[in-house]
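Undergrad: What follows is the residue order along each chain.
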Amino acid sequence: MHHHNHYYGQAHILARYAGLDDQAPPRLRGYLQHGWNIADGWNPVHEFFDGAWRFTWSDAPRRRGHALGRRNYHSIGAPWLYLLDLEPELGAVPEEEREGTLWFLFHGWEGGKIQGDHKRLIDEIRETEPGPVTFSLYYTEYERPEIRKSYEDAGFRVVSFGRRGFSYEGTDPRFLYKQLTELRKHKRVAANRLSTAIFYGIAAGCEPAVYGDPMEMEGENPLFGGQSRIARLWPEMLGKEIDLAAARATTDLELGVPWMLPPAELRMLFDWRERV
Amino acid sequence: MSDNQLAVDVVRGEMQPWSDYEGKRGAVQGPVLRALLDDVLPSGARTLIVGPHSADLIEVVVAKSAKATMLVRSVSDANSLAERFGDDLQVIAGALDGMEPAAFEVVVAADGLDRVLGYDSDDLNWSARLDALAAVASPSAVVVLGLENEFSLTNLLDRRLPQDRHADDDWRPLHDDPTRPVSADQLLAELSRVGFAGAHAYAAFSAKDAVLTLLASDTAAATRPGELPARLALEALETAAVAVPLLAPIAEGATAAARAGLLASTAPSWLALTTTPARHPIYAQTSGHTTVLTADTAAAGWSITTDQRELGAAAGEEADFAAARAASGDAPAAAAPVVFDLGAVPGSVPGGITVETQLLRFAAAEDVPGFRALAARLGEWARAQDSARLVLRWDDVVVDGDGFAAGVSPWVTAGDESAVDVLAAAWWRFHDRLIGGHRRHPWPPWMVGDDLVSAWLGMSGVEAPAPVAATKPETPPASGAQVARGKELAEALASALGIPADASQTPDVRTALADAERAQQEVFELKGQIFGLERTLGFRDKALKTRENRLREMRLQVQKVNAERARLRSSRAFAAVTVVRKVATIRNPRKFAGKLKRRLKRIVRNRLG
Chain A
368 MHHHNHYYGQ
378 AHILARYAGL
388 DDQAPPRLRG
398 YLQHGWNIAD
408 GWNPVHEFFD
418 GAWRFTWSDA
428 PRRRGHALGR
438 RNYHSIGAPW
448 LYLLDLEPEL
458 GAVPEEEREG
468 TLWFLFHGWE
478 GGKIQGDHKR
488 LIDEIRETEP
498 GPVTFSLYYT
508 EYERPEIRKS
518 YEDAGFRVVS
528 FGRRGFSYEG
538 TDPRFLYKQL
548 TELRKHKRVA
558 ANRLSTAIFY
568 GIAAGCEPAV
578 YGDPMEMEGE
588 NPLFGGQSRI
598 ARLWPEMLGK
608 EIDLAAARAT
618 TDLELGVPWM
628 LPPAELRMLF
638 DWRERV
Chain B
694 MSDNQLAVDV
704 VRGEMQPWSD
714 YEGKRGAVQG
724 PVLRALLDDV
734 LPSGARTLIV
744 GPHSADLIEV
754 VVAKSAKATM
764 LVRSVSDANS
774 LAERFGDDLQ
784 VIAGALDGME
794 PAAFEVVVAA
804 DGLDRVLGYD
814 SDDLNWSARL
824 DALAAVASPS
834 AVVVLGLENE
844 FSLTNLLDRR
854 LPQDRHADDD
864 WRPLHDDPTR
874 PVSADQLLAE
884 LSRVGFAGAH
894 AYAAFSAKDA
904 VLTLLASDTA
914 AATRPGELPA
924 RLALEALETA
934 AVAVPLLAPI
944 AEGATAAARA
954 GLLASTAPSW
964 LALTTTPARH
974 PIYAQTSGHT
984 TVLTADTAAA
994 GWSITTDQRE
1004 LGAAAGEEAD
1014 FAAARAASGD
1024 APAAAAPVVF
1034 DLGAVPGSVP
1044 GGITVETQLL
1054 RFAAAEDVPG
1064 FRALAARLGE
1074 WARAQDSARL
1084 VLRWDDVVVD
1094 GDGFAAGVSP
1104 WVTAGDESAV
1114 DVLAAAWWRF
1124 HDRLIGGHRR
1134 HPWPPWMVGD
1144 DLVSAWLGMS
1154 GVEAPAPVAA
1164 TKPETPPASG
1174 AQVARGKELA
1184 EALASALGIP
1194 ADASQTPDVR
1204 TALADAERAQ
1214 QEVFELKGQI
1224 FGLERTLGFR
1234 DKALKTRENR
1244 LREMRLQVQK
1254 VNAERARLRS
1264 SRAFAAVTVV
1274 RKVATIRNPR
1284 KFAGKLKRRL
1294 KRIVRNRLG
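Read top to bottom, the protein sequences are chains A and B. Counted from 1, the first sequence has number 555 at position 188 by my numbering; the numbering is strictly sequential. Counted from 1, the second sequence has number 809 at position 116 by my numbering; the numbering is strictly sequential.
Rather than coming from a laboratory, the hints here were simulated on the basis of the structure. One thing to keep in mind: the hints can contain errors.
To be verified - Simulated coverage check for chain B against chain A, where a stretch passes if three residues somewhere in it have a Cβ under 8 Å from a Cβ of chain A:
1) 709-719
2) 771-781
3) 1058-1065
4) 1131-1139
Beta carbons are placed, not taken as given, at the ideal position from N, Cα and C, and that holds for glycine.
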């Protein structure tokens, strides 16, 4: 129904899980949350068509949305969880062979670039990380040579998982598959903001860390409280050494593990029925 | 008819023509009241029945009494009663204040004091009528007195104007009476005032004229939503709601009242007894049947007894009640898939809340994981039952610690049904009560119906059928066939109970408005969906346009390349290159020159002729 549903190939994963064609996933009758945030799952100015249903990862976004006057929520768990279920072996290496840190720079998007001191961040990463560092850049940063080069020059391996696409064009449906493959090779996952990638990494078995200059994004809307609210709500998720059990418990809640649906229910919920 | 022709005694205030038995309201009645009277009335007493009581109640009073007298205000009613009961009953026609003072040892006025005066009587308020009642009773009499509750939920939610609720009885506004008690405590205080101290009261839940459930006041005050007393009261209220046009669903108010401990205060009526407490705190008629269940507190819940036969021991000996109902015209289906079987009722029921109460809480909280976990446990429990004949109702099954226990529902399947169908029937009933009651839940409208029941069935461990393609807009989903039999069973149960599971079948005003709003919302959402689809199509069109433009650009590029290629091929340079390329392929120039020379000669010769 909305092209955001295709971001990162999330609709493709859910279609596959539901037993349908994941190359051309059927229209999903509503809006699918495509990233973790501290609001109702979407950016503050996101437009919804009248009476639209919103499919969130977990219950907290539903509650926040309800307070914004929005209704018609149903939590389903993050598509990432369904991918883990579909691909239990993808990229997996023996636990003792996992090494290094997959580091995620808080990324901008097509409409906003990040601003911050990359040099200082690099120094802090070097001081902190015990092993080799792989640096993940979203393509908006990956394709900015000055940013990419600064991390390459620091000795980091720099990767990008592709584009999330726009208006059904350019989506790399393997985006999350690539991310999962990389995460399963690494021992740690880190970022300069508590973000989707951290939760994904923890779910994929990594030890988390959140530190460094959180940087700023052009046009960032602090309507929901920004970084200080994150610090108040999820202090257990911030720092260079994080209690893994607590982080996993929070991750299960935020990604919505209890909210996952079986394939048949997913098909009914999304009105995913073949019409010929 | 002259007085000489009257077969009954007549006192001042009689009414003719008139009937309290054949008007819009009938006589107070029902097996519940009969069971209570049978329990509380002393044997061998001089008894007076005041006001219209049905024949089954009169029978039990007559059977218990040494001498029974009955006062009704209608002469024709009195004649009919005299004819029916003959010498067993002395019938008097007239008003209560027309009676001479007497000292009856038992006075039964379960109908209350609203139909004891005629239109020619003095305008006695309720308190004065009670004085008149006391004047015919001995000071130590056993009095059974009913009182309609002006503050009842059914009264508060009645959508009719007050003056339109009382048929032709209200030639004076009986209910606008400052002396009239409006609480059980006030009723007992009034009885105390006229010399009957130490009385106690039951909250009476009736449908039309039949008392369906009686709860001792303290039991009614102590029960909470989902517990047995509240559940039986609620079922009686829902039965009553079929006959009374309401402003809002009765269940919601009754649930709130039970939560507040006010169920006794908001009951449709009370029944006061000036005797020691009756044997049981709960008397209830099984829905759709005449059997009366009585319940007493037990260690971990309620022990159940009945006036018909021993419970729990007659499993399998189902009463052919469906046929009986069909014969009596009560039920349309002789071959109903659901039949009455008292053997299905256990001898004890845990004191916990119903599964439905818990499920509704999960649904309202949009807590699908909690709902799913409970549904899974229910599925396991249902499959582990020894008998699959019980028609499961989540509004009857009780949460019992970590497990569940069957409630007091005596309805079983007529034949063998699969466990899946019985489970589906339970989910259908829950579906109708959830959706029909406009209760909050997290499932989208397109799932409502077969898919939603199938989804819940899936949560209970029953695998969903493979999806089928829709070849037409009305092609039913695969889940339709999966849950069809369960739907039939649920509908048969609702029919047997006489209470529509789907409240929208007898809509109150709020439900009707909510139905209309739901329809508007559906249109609103469908318009939004069309908009969304149009926008999606727009995105897709743009994408197609982008691809078309790319194709056009590529075609132009190809055309351009082809044109350049054609131009190149016709150029002298290309011809020279071609010659050079061919020349380059000559391996033996001398031999080639000889062949060329011979060929030229042949051409010249041919031309010269």
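Undergrad: It remains to establish, for every hint, whether it holds in the given structure.
TA: For each hint, the structure was consulted:
{"no.": "1", "hint": "709-719", "result": "violated (count 0)"}
{"no.": "2", "hint": "771-781", "result": "violated (count 0)"}
{"no.": "3", "hint": "1058-1065", "result": "holds (count 4)"}
{"no.": "4", "hint": "1131-1139", "result": "holds (count 4)"}
When held up to the earlier numbered hints, the structure conflicts with 1 and 2 and fits the remainder.
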